[in-house]
Each structure stands twice: as C-alpha cells, then as structure tokens.
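S.K.: Protein chains in written order, with our numbering: chain G, 1 to 275; chain S, 1 to 275.
Note that these hints are calculated values from the structure, not bench results. Wrong hints could be hidden among the right ones.
The list treats identical chains as one, so a pair stands whether inside a single copy or across any two.
With a Cα cut of at most 20 Å, we get these calculated SDA-like pairs of lysine to any residue [claimed, not checked]:
#: 1; residue 1: K144; residue 2: K207
#: 2; residue 1: K110; residue 2: T213
#: 3; residue 1: K101; residue 2: I250
#: 4; residue 1: K18; residue 2: Y5
#: 5; residue 1: K117; residue 2: D272
#: 6; residue 1: K165; residue 2: F264
#: 7; residue 1: K20; residue 2: H203
#: 8; residue 1: K253; residue 2: F194
#: 9; residue 1: K32; residue 2: V131
#: 10; residue 1: K253; residue 2: T217
#: 11; residue 1: K18; residue 2: M50
#: 12; residue 1: K165; residue 2: G124
#: 13; residue 1: K18; residue 2: T6
#: 14; residue 1: K236; residue 2: G14
#: 15; residue 1: K244; residue 2: T6
#: 16; residue 1: K20; residue 2: D108
#: 17; residue 1: K20; residue 2: M1
Below are the chains, spelled out letter by letter.
Number of protein chains: 2
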Amino acid sequence: MELWYTEKQTERFGITAKIKQTLHTEQTEFQKLDMIETEEFGNMLVLDGMVMTTEKDEFVYHEMVAHVPLFTHPNPKHVLVVGGGDGGVIREVLKHPSVEKATLVEIDGKVIEYSKKYLPTIAGALEDSRVDVQVDDGFMHIAKAENQYDVIMVDSTEPVGPAVKLFEKGFYEGISRALKEDGIFVAQTDNPWFQKELVSKVHSDVKEIFPITRLYTANIPTYPSGLWTFTIGSKKHDPLTVEKSRFHDIETKYYTKELHTACFALPKFVADLIK
Amino acid sequence: MELWYTEKQTERFGITAKIKQTLHTEQTEFQKLDMIETEEFGNMLVLDGMVMTTEKDEFVYHEMVAHVPLFTHPNPKHVLVVGGGDGGVIREVLKHPSVEKATLVEIDGKVIEYSKKYLPTIAGALEDSRVDVQVDDGFMHIAKAENQYDVIMVDSTEPVGPAVKLFEKGFYEGISRALKEDGIFVAQTDNPWFQKELVSKVHSDVKEIFPITRLYTANIPTYPSGLWTFTIGSKKHDPLTVEKSRFHDIETKYYTKELHTACFALPKFVADLIK
C-alpha cells in the first residue's frame, strides 16, 4: 500500500508527497496538527492542512526570515519571533553574535512540543540559554510591548485560524510601537501567484506605518507556487543599502550576501502588486 | 465527479491540478502528448507525463529563456530555437527588433499542431514572417550548422526520450560550432532540488567549451520544486556586464532589467552545485 499526503494549496491546485507514516495527529486548542514522515522531504509539520516546514527545505524559509533583517540592522541585540514554534527562525537568529536575547512567543505549545520531538535539527535551538520561550498570544504580546525590540519577525501560518489578526494593520501598528527607534520587522506574506490581494494589502498597510517598506522573495518547494514573499517594515535602516563590511560569515544553505540584495529584485508581476 | 491531473515530479513528490477536460491525447512518433484544460492554470501541455507549459505561468519560462541571452548579445540577428514547438520562446524572441530571422527546429510536428490549436496566445507567433519553422531533429540540425547563429536557445523537455542527446557534451560542442564568433547559447537545465547531478554535469560540460559559463534561475510554479535553472554558454559577451543603455523597453510579466542581473545570484546550495 502506498500512502500519499495531498494538500490542496488552492481549491484547484496542490502538492502530493509519498509518506512513510503519520507520526502524530492532534486537534490542539488552536489548530489541527499533523506530523508526517515523507520520503522526499523528511519529517513534515502540517497545521490546518498546510505544510509549515519540512526537514529538507526548511532552511530556505528560516534563513531568509532571519538573515535579511538581521544583517540590515547594525547591532541587533533583542529579537522577537512571533509564532515560529518549530524553532527554525530562532536557530538562524542565534547565528548572529550581537543577539543577546531571542524571545519566542508561540500561541500553541503543542507546536513546540512536537517540533522538539520530531524536528530536532530545527527545534533544538530552543534550548539555548539566550532563548526565552513563551507560550502566549503573539498579538497580545505585541500590544503590551513598547520600545523593546531591535528586530521582530512574524513567522505565522497563513491568515487562517489564530493567525488572521497577524495580518491586520493594527498589528503592524503595535509592532511599530514594540520596536526601538531604529527597529525593523519582517513578516512572511504568502505567495504572489495565488494570494495577490494579500501581498498588496500587507505592503500597503505597512507602508502607511513604516518609512521604509520592502518586499523580497525566496523559493520554497513545499509552499504554494514555490515562490514566497516577505515584507519588511523598517524605521531607519534600509536592507538595500547595507554596508558590505557588515556581512560577517555565517553558515547557510540558501542566504548569501549577494542574495541579500538580489532577493529584492522582483518579477514584474510581483513588483506590480506593490505599486 | 472531480477530475484531477496528478504528476509525479519525482518518485516521491508531485503536483495535482483540477481539470475541466482532456482536450487531446495522443502517442506521437516521439512521445505521449496530452493537452488538458485545468482550472488553475488554463490549458496545459503535457509531454511524457511532464508539464511543459500552461497558459497561466508560461510567461516566466519563455521570457527568461529569451531575454537574458538576447539582451546580452549586442546585435542578435539570427536566432535558433531547438525544441520549443509551443512557440512561446519564439514569441519573446520576436520582441527584439534586431532579430531578422528566428528558426525553430522542433522534432515533433504534433507539438506545433496542437499548440496552435489549444495554446493560441503562445503559439500564434509561429505565423510571423520572420519565423522559419522546421519539423526536424534539432541534434542533427546543430551537427550540420556552422558559424550561422547569433543566439541559440535549447527549449527541450527533460532528458527523457528524444531530448536525452540534447544534454550531452557533444551537443554543446555542436552548438559552439553553429554559433558565430561572438555567439551565445542558453539551455533549460532542470531544477536544483531533485536534479543536482544534471545541473552540475551540464555546467561542467559547457564550461569546458565556452569561455563564459553562467547559471541563472526563475520561479515556475508548475515545474518541479518551483525553481528552474538555465545554463548560458557564451563566446564573448557576459550577461553580468551588459551596458545598461542596451536595455530597450519590451513588454514582459516576469523579466526586468534588474532581474537580468539578480537572477544570477544563486542560493548557496545551488552555487555549490557548480563550484
């Protein structure tokens, strides 16, 4: 018998992956959580029927969320990750020696628990002494914070379930208050093929709040369309004018200092979404 | 009843697309040809069980094959397309006013016939007076040509069936002879996630023949991994040092003059394949 996991990424298109076994399945307080072992991509975390991360291609998303803002900020000391309970973004954040503290606020403790169990190469970084893990509502955390963080990274699911309010303008206003005066934030903002309106809307909202707003992309095979967007809002530092001397060496599999700039060169149809 | 087209892109991973109907299916002299009408991507040409092109995302591949070499060459007059019977690359080639003649050598006349019938926005350009369509073996055509073309584009299927010999070093040697003294060629060279060895091998072969060898990528949602590579071999002109004044305006949906350079900034794991 062959088992295949099939995900409808839209009502009309999807991916399918041969699996060895289902490792865990549970309806948590917030969402449906599935951990499956696939043949092509290794262990795969699925939330509400959407691939969140896989052992094989996780490095793209996690590196690109973390390193673009962290190399843009001249001295990031305190970093907040909203969501990201699998720990992958935190792992990348810790590669920057300037970071003294990395706070993770994940609403669903089960994501952390099962990532530690089944995705140890991703979640292992959560044990680091510089990391403060809080199982809490990221939206509320942001609402209470003021002038506190150098860099904030929003590593949410797609705007379904608990993540809906993480795509609202009020949330970005809260992020602006939670950041220090030269702070910078990044959010994953879905794909430009099937979610054109979302990409446009977030960019337009962020642009009303932050003086510097930028969109960049990366290739993630298990995400819809294979092309993912990230939106940056920055109070002072522009990711496109980083001094080259600032790029210290870190070990990566996707991010390079050349890509740091090149990833902002958008395909024309994507550039048109944020005009 | 719901109909879905599912393609195993590897033995362990694939895509699935909801379809309205099968428009045509035929075993030609060379390959299995299917034309299906999908809901998400419009009409889709499938050869030997692999998506070749779709109405929705075809522009990426066709623009990126054509415009990167054509803007690199200072005065491309005679262009050869090997394969590409759907006509999409030819359509893009004709956007360059310097081009006096575009020769298409497609081995399978049925691909041309059914592309004209079911993909008219792609294949329509084949009727242009500057185009010379030849139903013939591209490998043999190259073997006979000498000092004839400014730019050659290899728009083949993956290395299965009739396309196998289009990935051999002898073919690239033939291309070098078929090109003029400042000629340039590009070939689609599959994806770097599931076909690592192929990407490495082609680059290494081309590098032994051409003084300038470059790899670039583009995002194509219906192709395996969503990330596609293209290999350039050039006798004289480097795509990375094109004078900015040379970029005349053309209408595109993916290619931009910024992407012309940015598409050569490779993810680290891809750059490692061609070291």
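S.K.: For each hint, tell me whether it holds in the structure or not.
M.R.: Outcome of the hint check:
1. Taking the shortest alpha-carbon separations for K144 and K207, neither the intra-copy value of 22 Å nor the inter-copy value of 58 Å comes in at or below 20 Å.
2. In this assembly of identical chains, K110 and T213 lie within 20 Å of each other by CA distance neither inside one copy nor across copies; the values are 33 Å within and 49 Å between.
3. For the homomeric pair K101 and I250, the shortest alpha-carbon distance inside one copy (18 Å) is at most 20 Å, but the shortest distance between copies (49 Å) is not.
4. Within a single copy, K18 and Y5 get their C-alpha atoms as close as 6 Å, and across copies as close as 16 Å, so both meet the 20 Å cut-off.
5. Taking CA atoms no more than 20 Å apart as the test, K117 paired with D272 passes in neither setting, with 42 Å inside one copy and 31 Å between copies.
6. In the homo-oligomer, the alpha carbons of K165 and F264 never lie at most 20 Å apart, since the shortest distance is 26 Å inside one protomer and 37 Å across protomers.
7. Within a single copy, K20 and H203 get their C-alpha atoms no closer than 40 Å, and across copies no closer than 35 Å, so neither meets the 20 Å cut-off.
8. For the identical chains of this complex, K253 and F194 are inter-copy neighbours only, at 16 Å across copies versus 27 Å inside a copy, given an alpha-carbon limit of 20 Å.
9. Taking the shortest alpha-carbon separations for K32 and V131, neither the intra-copy value of 26 Å nor the inter-copy value of 55 Å comes in at or below 20 Å.
10. For the homomeric pair K253 and T217, the shortest alpha-carbon distances inside one copy (16 Å) and between copies (16 Å) are both at most 20 Å.
11. For the homomeric pair K18 and M50, the shortest alpha-carbon distances inside one copy (16 Å) and between copies (18 Å) are both at most 20 Å.
12. In the homo-oligomer, the alpha carbons of K165 and G124 never lie at most 20 Å apart, since the shortest distance is 28 Å inside one protomer and 47 Å across protomers.
13. Proximity of K18 and T6 under a CA criterion of 20 Å is satisfied in both settings, with 9 Å inside one chain copy and 13 Å between copies.
14. For the homomeric pair K236 and G14, neither the shortest alpha-carbon distance inside one copy (40 Å) nor that between copies (43 Å) is at most 20 Å.
15. With identical chains, the CA atoms of K244 and T6 are never at most 20 Å apart, being 43 Å at best within one copy and 46 Å at best between copies.
16. When the C-alpha separation of K20 and D108 is checked against a cutoff of 20 Å, the pair qualifies neither within a copy, at 26 Å, nor between copies, at 40 Å.
17. Within a single copy, K20 and M1 get their C-alpha atoms as close as 10 Å, which meets the 20 Å cut-off; across copies the closest is 29 Å, which misses it.
Hint compliance for this structure: hints 1, 2, 5, 6, 7, 9, 12, 14, 15, 16 are broken, all remaining hints hold.
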